[in-house]
Amino acid sequence: MTKECPKGRKAKQSKEDMVNLIDNVEQKDDLKYNRRAFLKSAVGASMALGLATVPFSVRAMMGLAEPDHDRVEIVRLDQLPEGESVTFYYPTENDPALLIHTVEGNLVAYNSACTHLMCPVFYQAEKDVLLCPCHKGYFDVNDGHPIEGPPQRELPLIEIEVDNGVVYATGRQYRHG
Amino acid sequence: MGKKTCWAIIIFTISVNVVMLQWTIEAFLGRDNEFVLIYSGIGIVMAFVAFLTYWNWRKIEYKEDK
Chain A
1 MTKECPKGRK AKQSKEDMVN LIDNVEQKDD LKYNRRAFLK SAVGASMALG
51 LATVPFSVRA MMGLAEPDHD RVEIVRLDQL PEGESVTFYY PTENDPALLI
101 HTVEGNLVAY NSACTHLMCP VFYQAEKDVL LCPCHKGYFD VNDGHPIEGP
151 PQRELPLIEI EVDNGVVYAT GRQYRHG
Chain B
178 MGKKTCWAII IFTISVNVVM LQWTIEAFLG RDNEFVLIYS GIGIVMAFVA
228 FLTYWNWRKI EYKEDK
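Going line by line, the protein sequences match chains A and B. Under the numbering used here, the residues of the first sequence are numbered 1 to 177, in order. Under the numbering used here, the residues of the second sequence are numbered 178 to 243, in order.
Calculated directly from the structure, the hints in this document are not laboratory data. Heads up, none of these hints are tricks.
Far from chain A by the CB rule (all over 10 angstroms, computed), these chain B residues: (1) MET178; (2) GLY179; (3) THR182; (4) LYS236; (5) LYS240.
Lysine-lysine pairs mimicking DSSO-like chemistry, simulated, CA-CA at most 30 angstroms apart: (6) B/LYS180 - B/LYS240; (7) B/LYS236 - A/LYS40; (8) B/LYS180 - A/LYS32; (9) B/LYS240 - A/LYS40; (10) A/LYS32 - B/LYS181; (11) B/LYS240 - A/LYS32.
No residue lacks a Cβ here, since even glycine has one placed at the ideal position from N, Cα and C.
From just these sequences and the hints, can you work out the full model?
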């Protein structure tokens, strides 16, 4: 009686020693995908993740000091009654800002792009708050800090000064208070 | 330091660096420059630790082969 060698798909399950020699066909994969290769990839991933933070820190170091901004006229004070606001652009034409004459009589100015998703922020005189209508974010009008809703950071503060009845923007602070 | 310790340290550095990268980007977008430097510093140190640990593991692993 002769023993037949299994062929094809069932060849691998066979207990015949000579048949199992075909496992050597996968030798390349065994050399390529093994424990050592996995650890090397893990080290590479860890180093890549750590070094990926470098460009951010370099950029942050370059921008540590906010550059000096020009003194820009915003509006005449007599044209801005209490409880009103006016939109202006500072420091560039791409940075919309709000000058607010609060119901308490204070003058404050902030960049008006919401710190959540950059929607424009409006002054609500009835509640004396700044409102971002996109996702109902509220900011304190006195210091620009978020008080309700999704925003987590304060609005950039525009430094202002009043000279001969004219309000000027003189600088900007990103993180304040 | 054994091989298992090396593995544990390397896996640990990966998890720390994932978090550090996330926090660095968040701090960068929030213009918290000091925090960007802190998180980035930790990330770089962890990358260095991973490399040194790998070097140590390599010595142990390939010495056994000889």
